[in-house]
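*Asks:* Each chain, written out:
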Amino acid sequence: MIAQLSAKITAECPECAGALALNGNTLKGEIVTCSDCGAELEITGINPLTLDLAPQEEEDWGE
Amino acid sequence: MTTISIVGASGYTGGELLRLLLRHPQIEISQVTSESRVGEYVYQTHPNLRAQTTLQYTARSELQPCDLLFLALPHGEAQKNIAHYASLAPKIIDLSADFRLRDAAKYHEWYGAHADAAWLEKFVYGLPELHRAEMKTASHISGVGCNATCSNLALLPLVKAGLIDETKPIIIDVKVGSSEGGNSPNAGSHHPERSSVIRTYAPTRHRHTAEVEQELKLTNVHMTITSVDLVRGALAAAHVFVNKPITEKDLWKAYRSAFRDEPFIRIVKDKTGVYRVPEPKILAGSNYADVGFELDEKTGRVVSICAIDNLMKGAAGSAVQSMNVMCGFDEKTALDFPGLHPI
Amino acid sequence: MTTISIVGASGYTGGELLRLLLRHPQIEISQVTSESRVGEYVYQTHPNLRAQTTLQYTARSELQPCDLLFLALPHGEAQKNIAHYASLAPKIIDLSADFRLRDAAKYHEWYGAHADAAWLEKFVYGLPELHRAEMKTASHISGVGCNATCSNLALLPLVKAGLIDETKPIIIDVKVGSSEGGNSPNAGSHHPERSSVIRTYAPTRHRHTAEVEQELKLTNVHMTITSVDLVRGALAAAHVFVNKPITEKDLWKAYRSAFRDEPFIRIVKDKTGVYRVPEPKILAGSNYADVGFELDEKTGRVVSICAIDNLMKGAAGSAVQSMNVMCGFDEKTALDFPGLHPI
Chain C
1 MIAQLSAKIT AECPECAGAL ALNGNTLKGE IVTCSDCGAE LEITGINPLT LDLAPQEEED
61 WGE
Chain X
1 MTTISIVGAS GYTGGELLRL LLRHPQIEIS QVTSESRVGE YVYQTHPNLR AQTTLQYTAR
61 SELQPCDLLF LALPHGEAQK NIAHYASLAP KIIDLSADFR LRDAAKYHEW YGAHADAAWL
121 EKFVYGLPEL HRAEMKTASH ISGVGCNATC SNLALLPLVK AGLIDETKPI IIDVKVGSSE
181 GGNSPNAGSH HPERSSVIRT YAPTRHRHTA EVEQELKLTN VHMTITSVDL VRGALAAAHV
241 FVNKPITEKD LWKAYRSAFR DEPFIRIVKD KTGVYRVPEP KILAGSNYAD VGFELDEKTG
301 RVVSICAIDN LMKGAAGSAV QSMNVMCGFD EKTALDFPGL HPI
Chain Z
1 MTTISIVGAS GYTGGELLRL LLRHPQIEIS QVTSESRVGE YVYQTHPNLR AQTTLQYTAR
61 SELQPCDLLF LALPHGEAQK NIAHYASLAP KIIDLSADFR LRDAAKYHEW YGAHADAAWL
121 EKFVYGLPEL HRAEMKTASH ISGVGCNATC SNLALLPLVK AGLIDETKPI IIDVKVGSSE
181 GGNSPNAGSH HPERSSVIRT YAPTRHRHTA EVEQELKLTN VHMTITSVDL VRGALAAAHV
241 FVNKPITEKD LWKAYRSAFR DEPFIRIVKD KTGVYRVPEP KILAGSNYAD VGFELDEKTG
301 RVVSICAIDN LMKGAAGSAV QSMNVMCGFD EKTALDFPGL HPI
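Protein chains in written order, with my numbering: chain C, 1 to 63; chain X, 1 to 343; chain Z, 1 to 343.
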């Protein structure tokens, strides 16, 4: 049985402590993006809800 | 309808005021003056306004009473006739540096003698993010310096959160576009000499220091201005040291609370993407100020970065925003243009 | 004739080395390698060299012994095979960051694990203005970081004169052109996204800090890098506070004595003229570093400014200058191009 959120809840982004509104059908293992800092976050647990920075390939940026 | 006139409308700032005010539903532009261009249509100096209006420049001497007067004259001009202008309109917004400073001695230190220093205390400083309440009941509002504005907004969250170690110097290194110099050409603004430059034309003693120290009540501010190759845009990098160990999350909270509900300020600090830090060019024509930061945990240095369009949030945009607050209009009226990308 | 080969010659720095060395009367280029462009003519990646040479890229595996080897590989490559390269040539100049730092722990802090840290102490830091004597007897010379070089040269006169209050932070705000990023495109280097930017892509923790602190024996150095709209050029604004009351005359003396007899450093601080402060674009292709300063007597802040071409004095120019010293040639050989104006 895939763990799934039962209702809409707000979580805190591990990167910028921003408020993250997660809708009712968010799944464990799903990747969501923080609207404040753009960080990609992986739902690592449902009850209780846990989030972690998703592994991200470092973009070649800047100079 | 509120009737508005603009004194000195042929400059870049005057042109931006016109562009914004022509789309403002609650005001009506009655006169726009320019001594050097009397009789010309405004589009002849502001080509983006062709077919937008049939307004022609009049002389200052023909100014009629109106509800609100924008003064967009070169520094030193408005202060000579402020009493006369005040007799023509109950509300005045002066975009020059003439009435930004509250303290006559400070004005004298940075600009020399003031022609009518008694008026200094009658003006509210023209940055709504700092003086919204006072503007609601004000009759006279000053302009803002563009370098001062990106510096003030870069530092504001750190000042509000009381995080700055003021025993250490606050260095603000501002990079600016060519429109800051106004529309009168000089040897250095000639295209072959101006393109691709990195020209630190004001290493020390920049006048806008006075506005930053006044508005944020700081004393240890040191500005440096460098012009680079773009037309519109200013970006301040404020180098400060925090007065206690903190994390980036603490800074996020400080920046969010400082700018909560501010319609024109966005926090820009992304993990990915080309525009992950504040970037002036995509703000051209918009009233946004994008603010970001980075903390060096090893040294306690915070680099706070603010990007604006020097002609908009750094001048005409803040002036129209102040007008909206002063006249009780919705603060965002006529200031909704989001900027262009790519540009 | 001294025989020279260049390993990794298809990048911008490799191209500059080729441009300079093709006009050097005392050396002969035997091989230039590029793994990705084996068999191609060098002008196919360096168009300014069309009809200048018929040299074609070979593979590294075909490298033959020669008198001096330039290594122009991406960071982290040279250190993997330094022993092999050293077996091919008694003299090596490595332009990457692999052998710039003397202290293995410092290297680890800024770059991670080193593949052959024992070699760090065998290299002399590749800035002739700081290590000319050692270079005369050296066999291995490192490259220089471009941001580090304009920072080092901006601070050198103040360090030599013992004028810096080291209890206060030294902030270095560097503005740079797009060629710093090398010739491999990325999302941010796409022209519509890169033109007219003021992009503070490295607000804190820039690796070149280590070179500045090493070379000038300072500890309180804080760098910030912002890319702006030009191709070649870097300009450092170093903000320092003096440790005693001084005048601009004192500073003139300090700068003159620091740079006396230096063939490639000019003091640029004029009262008039468009180019009264150091300006990178007119140095493009030249090996000059122009240094200027301004003192704020009220606060004791000195803003020291250094402009260079990041590909020349910040890379290939200093490398060829170091070669001249190491091989006993006249230091200015092949480095006489004065730069262009207008540009």
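If you're looking for bench data, these hints aren't it; they were derived computationally from the structure.
A portion of the hints provided could be inaccurate.
In silico lysine-lysine, DSS-like type, Cα no more than 25 Å apart, as pairs [claimed, not checked]:
1) Z:Lys217 <-> X:Lys106
2) X:Lys298 <-> Z:Lys298
3) X:Lys271 <-> C:Lys28
4) X:Lys244 <-> Z:Lys160
5) Z:Lys244 <-> X:Lys168
6) X:Lys168 <-> X:Lys136
7) C:Lys8 <-> X:Lys332
8) X:Lys168 <-> Z:Lys122
9) X:Lys298 <-> Z:Lys217
10) Z:Lys269 <-> X:Lys168
Simulated restraints, written as ranges between beta carbons of each label pair [said to hold, decoys possible]:
11) C:Pro55 <-> Z:Ala118: 50 to 56 Å
12) Z:Gly39 <-> X:Arg50: 53 to 59 Å
13) Z:Pro338 <-> X:Asn183: 47 to 53 Å
14) C:Ala21 <-> X:Pro338: 45 to 51 Å
15) Z:Ala118 <-> C:Thr44: 42 to 48 Å
16) X:Ser184 <-> Z:Pro338: 31 to 37 Å
Computed from the model, here is a short list of chain C residues facing chain X with C-beta under 10 Å [to be verified]:
17) Asp36
18) Pro55
19) Gln56
C-beta: ideal position from N, C-alpha, C; glycine also.
*Asks:* Please go over all the hints and tell whether each is borne out by the structure.
*Replies:* Results of checking the hints against the structure:
1. Z:Lys217 <-> X:Lys106: violated (40 Å)
2. X:Lys298 <-> Z:Lys298: violated (31 Å)
3. X:Lys271 <-> C:Lys28: Measuring from Cα to Cα gives roughly 23 Å; hence the hint holds.
4. X:Lys244 <-> Z:Lys160: violated (33 Å)
5. Z:Lys244 <-> X:Lys168: holds (17 Å)
6. X:Lys168 <-> X:Lys136: violated (36 Å)
7. C:Lys8 <-> X:Lys332: violated (32 Å)
8. X:Lys168 <-> Z:Lys122: Roughly 39 Å between the alpha carbons, so the hint for X:Lys168 and Z:Lys122 is violated.
9. X:Lys298 <-> Z:Lys217: Given pair X:Lys298, Z:Lys217 holds - Cα atoms ~19 Å apart, limit 25 Å.
10. Z:Lys269 <-> X:Lys168: Given pair Z:Lys269, X:Lys168 is violated - Cα atoms ~28 Å apart, limit 25 Å.
11. C:Pro55 <-> Z:Ala118: 50 to 56 Å: violated (34 Å)
12. Z:Gly39 <-> X:Arg50: 53 to 59 Å: The hint (53 to 59 Å, Cβ to Cβ) holds, given that Z:Gly39 and X:Arg50 are roughly 57 Å apart.
13. Z:Pro338 <-> X:Asn183: 47 to 53 Å: The hinted range 47 to 53 Å is violated for Z:Pro338 and X:Asn183, with Cβ atoms some 34 Å apart.
14. C:Ala21 <-> X:Pro338: 45 to 51 Å: Once the Cβ atoms are compared, 23 Å apart, the range 45 to 51 Å for X:Pro338 and C:Ala21 is violated.
15. Z:Ala118 <-> C:Thr44: 42 to 48 Å: Given about 43 Å between the Cβ atoms, the range holds.
16. X:Ser184 <-> Z:Pro338: 31 to 37 Å: Distance hint for X:Ser184, Z:Pro338 holds at roughly 33 Å.
17. Asp36: Nearest chain X Cβ about 7 Å off; hint holds.
18. Pro55: Hint violated; C:Pro55 Cβ to chain X Cβ min 12 Å, cut 10 Å.
19. Gln56: The hint holds - C:Gln56 has a Cβ within 10 Å of chain X, the shortest such distance being about 7 Å.
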